[in-house]
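504 is the number of the first residue of the sequence shown in our numbering; add one for each residue after it.
Don't read these hints as lab results, they were simulated from the structure. Bear in mind that the values here come from a model prediction, so they are computed numbers and not experimental data. Note that beta-carbon positions come from the ideal geometry of N, C-alpha and C, so glycine has one too. Incorrect hints may appear among the rest.
[Unchecked claim] Derived pair list, reagent style SDA-like, types lysine to any residue, alpha-carbon separation capped at 25 Å: (1) K635 / D596; (2) K726 / H687; (3) K735 / K643; (4) K726 / H621; (5) K729 / K622; (6) K611 / R598; (7) K568 / R555; (8) K622 / Y583; (9) K567 / D586; (10) K688 / E576; (11) K611 / L630; (12) K735 / H712; (13) K735 / V699; (14) K567 / N656; (15) K688 / E659; (16) K622 / V538; (17) K635 / S564; (18) K729 / L744.
[As the list claims (entries may be wrong)] Beta-carbon label-pair distances, calculated as ranges: (19) D672 / S629: 38 to 44 Å; (20) S629 / G570: 36 to 42 Å; (21) V538 / K635: 19 to 25 Å; (22) E532 / D586: 19 to 25 Å; (23) L724 / P599: 32 to 38 Å; (24) K635 / D539: 35 to 41 Å; (25) I741 / T580: 32 to 38 Å; (26) E659 / D731: 38 to 44 Å; (27) D664 / P521: 23 to 29 Å; (28) S608 / N656: 24 to 30 Å; (29) D664 / D586: 23 to 29 Å.
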Amino acid sequence: MCETFRGESLKRIWAYRPLPATDLHTHSEFSRCSVDTSVQGNIATAELRGLRAIAITDHSSHVKKTGFRRYVEAVRTAAYRADITVLTGLEVDIRPNGEPELGRSLLKKLDIVIGSLHKLPRRGVSLDDYRKTVLTALRKSWMDILAHPTYVNGREVHLPDYIIQEICDVAYENSIAVELNSHHKSPSDDFIRACVDRGVKLTPTSDAHRLRQIGVFDWHLEKLRKLDLLDKAVWLRIEDL
């Protein structure tokens, strides 16, 4: 089946799928870890696959080196020409004190901000340090989405129930969504259950570093069906941002 036909078919069936037709975490040529993604390529792929919206959310640490203004202009120019909603965003590193890596004045220029803990505060870090960093970041309320909360620094983080519950409570109180990230297979089952039980909004993301990953939500569907949560999840809508 050719890509065009597949794309047209997907446009017709998205209305019947239980997941939102949005992919709000993708990387482009502005992230050094990109394989073949690009601003233009990501948008074209999203359009082909029938998505309603896509966000370009490159790493804040990478964009700092290529230039914030250049990045925003590139995404906004491409968005103007697109047939779908294109959000200009960043995946922003969470500092140990819970502050974003970039200044708040820059974050205000974006359509969407993803908060991500890529490094633990220090070697030999305790779960309590992780807890304090993430909870402080959520309470400061500078992000729209918390990224892969049980995957940090290349490994899974096994969180006890009380920390998961605290994170979900604070995320809910501050209207911050949690992503279901197929790239890192995060969060954990217990974390997803807690989000749904608390009413925390979820959003399916690819965290794409390859074009073929954009808008592919097989893992998300399988995971939610396995947990019997597909019809219970509350989804983040573009209108919520």
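The hints, checked one at a time:
1. Using a Cα cut-off of 25 Å, the hinted pair K635 and D596 holds, with the two alpha carbons roughly 15 Å apart.
2. A hinted pair counts as satisfied when its Cα atoms are at most 25 Å apart, and K726 with H687 qualifies at roughly 13 Å.
3. Between K735 and K643, the direct Cα distance comes to roughly 28 Å. Violation of the 25 Å bound is thereby established for this hinted pair.
4. Our distance criterion of 25 Å between C-alpha atoms is met by K726 and H621, whose separation comes to about 24 Å.
5. Between the alpha carbons of K729 and K622 the distance comes to roughly 30 Å, so the proposed pair goes past 25 Å and is violated.
6. Restraint check: the Cα-Cα separation between K611 and R598 comes to about 18 Å, which is no more than 25 Å; the hinted pair holds.
7. Between K568 and R555, the direct Cα distance comes to roughly 31 Å. Violation of the 25 Å bound is thereby established for this hinted pair.
8. The suggested pairing of K622 with Y583 is violated, with an alpha-carbon distance near 35 Å, which exceeds 25 Å.
9. Between K567 and D586 the alpha-carbon distance is near 29 Å, which puts this suggested pair outside the 25 Å criterion.
10. With a C-alpha separation of about 32 Å, the suggested pairing of K688 with E576 is violated against the 25 Å cut-off.
11. Taking the CA atoms of K611 and L630, the gap is about 31 Å. The hint is violated against a cut of 25 Å.
12. With a CA separation close to 30 Å, the supplied pair K735 and H712 exceeds the 25 Å bound.
13. The suggested pairing of K735 with V699 holds, with an alpha-carbon distance near 7 Å, which does not exceed 25 Å.
14. The suggested pairing of K567 with N656 holds, with an alpha-carbon distance near 20 Å, which does not exceed 25 Å.
15. Between K688 and E659 the CA atoms are separated by roughly 9 Å; this keeps the pair inside 25 Å, and the hint holds.
16. A C-alpha spacing of about 22 Å is found between K622 and V538, which places the hinted pair at or below 25 Å, so the restraint holds.
17. Distance hint between K635 and S564 is fulfilled; the C-alpha atoms sit about 22 Å from each other, no more than 25 Å.
18. Between K729 and L744, the direct Cα distance comes to roughly 29 Å. Violation of the 25 Å bound is thereby established for this hinted pair.
19. For the pair D672 and S629, the supplied restraint of 38 to 44 Å is violated, since their beta-carbon distance comes to about 21 Å.
20. Checked against the given bound of 36 to 42 Å, the beta carbons of S629 and G570, roughly 37 Å apart, stay inside it.
21. For V538 and K635, the Cβ-Cβ distance of about 35 Å falls outside the hinted range of 19 to 25 Å, so the restraint is violated.
22. Distance hint check for E532 and D586: the Cβ-Cβ separation is about 21 Å, which falls inside the suggested range of 19 to 25 Å.
23. Between L724 and P599 the Cβ separation comes to about 36 Å, which falls inside the hinted range of 32 to 38 Å.
24. A beta carbon spacing of about 38 Å between K635 and D539 agrees with the range 35 to 41 Å that was offered as a hint.
25. For the hinted restraint 32 to 38 Å between I741 and T580, the CB-CB distance of approximately 20 Å leaves it violated.
26. Checked against the hint of 38 to 44 Å, the C-beta distance between E659 and D731 comes to roughly 23 Å, which is inconsistent with it.
27. D664 and P521 have their C-beta atoms about 27 Å apart, which keeps the hinted 23 to 29 Å range intact.
28. For the hinted restraint 24 to 30 Å between S608 and N656, the CB-CB distance of approximately 28 Å keeps it satisfied.
29. The hint said 23 to 29 Å for the Cβ distance between D664 and D586, and at roughly 44 Å that hint is violated.
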